[in-house]
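A.B. asks: Once you've looked at the hints, dock chain B against the given chain A.
Chains as they are written, first to last, in our numbering: chain A, 1 to 228; chain B, 1001 to 1252.
None of these hints come from the bench; they were simulated from the model.
Every residue, glycine too, gets a C-beta built ideally from N, C-alpha and C.
Errors might be hidden in some of the hints.
[Stated by the list, open to error] Facing chain A, from chain B, some residues (calculated, C-beta under 8 angstroms):
no., residue
1, Pro1121
2, Trp1123
3, Val1138
4, Phe1141
5, Leu1142
6, Leu1144
7, Gly1148
8, Leu1149
9, Ala1152
10, Phe1153
11, Gln1158
12, Arg1161
13, Ala1162
14, Ile1171
15, Ile1245
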Amino acid sequence: MGRPRLIPACGAMLRRDLTVAWRRRSDIAMPVLYALIVTMLFPFALGPEDTLLQRIAGGIVLVTLLLAMLLTLDAMFSSDIEDGSLEQLVLSPQPLELLLGMKILAHWITTALPLIVITPLLAAMLHLPTAVIPVLLLALLLATPLISLFGAVLVALTAGTRRSGMLLALMLLPLCVPAVIFAAGAVAAAQQGLPWLAPISWLAAALVLAVVLAPLACAAALRIALDA
Amino acid sequence: MSNWIPLWLHKLGSPPTFYRFAGTLQPWATTLALLLGAIALYGGLVLAPADYQQGDAYRIIYIHVPSAEMSMFIYAVMGVASFIALVWRIKLAEVVAMESAPIGAAFTFITLVTGSLWGKPMWGTWWTWDARLTSELVLLFLFLGVIGLYHAFEDRRQGARAAAFLAIIGIINVPIVHFSVNWWNTLHQGSTVNVLGQSKMSWDMLWPLLTMMLATKFYYAASLFRRVRTDLLALEGGKDWVRKIAEDEADR
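Pulled out of the complex, with its shape left as it was, chain A reads as follows (with noise of 0.2 angstroms):
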């Protein structure tokens, strides 16, 4: 039995992850809630006053986001290990490091992806100047995900334990603040009308980086937290 190629099984792998999430569409829709009430709240709480609104229109919406994927990190092992197709994935021939990046990539699509598109919208919420708009999406398409880079790996390293939720919070929200620091950055500068390319930059170099180095660090730390 010959074994199986390799881009076919990331091929597979992401068709799969896919396929779940779709059948599951309604975990889907409920980080895009979650962000969309999240951010009707700030109006609320701080006064609908414009200026105040558009001067931390961006950080809200960042931080908003990153709660939101936070909320979904937590299960995108679970199910896996539940069924027991977790440790097949890791018995595979096919490298794991790469099969975890395909798990990743398709969690991106399935929480960021949809959280991006409806940004336009939180953003017009807060009445954020359209001109500065597509920094903010620019920025979020590079932020997103790094956050699902380093959140995939503390969750391998928490697929063992029972109750992680809070656990992965402290233990993510410290790792993501250069994310946080860089992507508000670039957003407060264009808004001042300054260059903003220098913290775009930064961030993209940031996620090559995570890009090559996460799924070997996921893997790592997957077989610790299995290796019971």
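C.D. replies: Using the frame of chain A, we list chain B on its own:
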């Protein structure tokens, strides 16, 4: 041949040997820590002259700077021990890494508290989102994350390995804390003490600081030895050498 050094190190890695070794050294480390700490406090609070600009308020440096240095030092020790634990699967390294975390978290907390006490009269604020302050706060959260992850597992060794991995990921933060005052020119003052070159501080003020740094090192050693000994007894509960210790204790 000089084969005895690696041999001695290998022996030291075994729990019963380390238990005895740490038991012998621990009283000495405690004594030295107390002695040097008392000397440093007397030197810093009484003998050292007041600062021409900050007056007597600068004296909090004798707590703040050694704690800050220890917070990074302990994280580095934890990172190295974690690496050894993951690569060579040495049980003692796991215990050292996990028992370092609470001590490091305590030093980081002291650094943040003394720093904000110092910041109020000097900067006029308890807290500011300065690069060094923020990265020290992140360091505290990393310590807490390691402690939390360690305790989240039912199996202690598995928890130790997972937390060790987290410690290695977080080690990126240590150079950021250390160099942040040089990279970003924000509110926190630059470094005054320079190990290799000339320090920007008069010797009258400097020697208590260096003594206090030494004292905190000994305190860390003493505290770590005591914690590791307790943890080893718990971890090796069913083994012969622990049973023997228990019997000896019962006979007394």
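A.B. asks: Determine for every hint whether it applies to the structure shown.
C.D. replies: Against the structure, the hints:
1. Using the Cβ-Cβ criterion of 8 angstroms, the hint placing Pro1121 of chain B at the interface with chain A is not satisfied: the shortest such distance is roughly 28 angstroms.
2. For Trp1123 of chain B, the shortest C-beta to C-beta distance to chain A is roughly 21 angstroms, which exceeds 8 angstroms, and the interface hint is violated.
3. Look at Val1138 of chain B: its Cβ gets to within about 5 angstroms of chain A, closer than 8 angstroms, so that hint holds up.
4. A hinted interface residue such as Phe1141 of chain B counts as satisfied when its beta carbon comes closer than 8 angstroms to some beta carbon of chain A; here the least separation is about 4 angstroms, so the hint holds.
5. Below 8 angstroms, beta-carbon pairs count as interface contacts, and Leu1142 of chain B has one with chain A at about 6 angstroms; its hint therefore holds.
6. For Leu1144 of chain B, the shortest C-beta to C-beta distance to chain A is roughly 6 angstroms, which falls under 8 angstroms, so the interface hint holds.
7. A hinted interface residue such as Gly1148 of chain B counts as satisfied when its beta carbon comes closer than 8 angstroms to some beta carbon of chain A; here the least separation is about 5 angstroms, so the hint holds.
8. Evaluation of the Leu1149 of chain B hint against chain A yields a held restraint, the C-beta minimum of about 6 angstroms falling below 8 angstroms.
9. Checking Ala1152 of chain B against chain A by beta carbon gives a least distance of about 4 angstroms; that is within 8 angstroms, so the hint holds.
10. The beta carbon of Phe1153 of chain B is positioned within 8 angstroms of a beta carbon in chain A (closest approach about 6 angstroms), and the interface hint is therefore held.
11. Contact between Gln1158 of chain B and chain A, as hinted, is supported at the beta carbon level, the nearest pair being about 6 angstroms apart and thus within 8 angstroms.
12. With 8 angstroms as the threshold, the beta carbon of Arg1161 of chain B comes within range of chain A, its nearest partner Cβ sitting at about 5 angstroms, so the hint holds.
13. At a threshold of 8 angstroms, the smallest CB-CB gap from Ala1162 of chain B to chain A is about 5 angstroms, leaving the interface hint in force.
14. For Ile1171 of chain B, the suggested interface contact is broken, since its CB lies about 12 angstroms from the closest CB of chain A, more than 8 angstroms.
15. Contact between Ile1245 of chain B and chain A, as hinted, is not supported at the beta carbon level, the nearest pair being about 29 angstroms apart and thus beyond 8 angstroms.
Violated hints, in rising order: 1, 2, 14, 15; the structure is consistent with all others.
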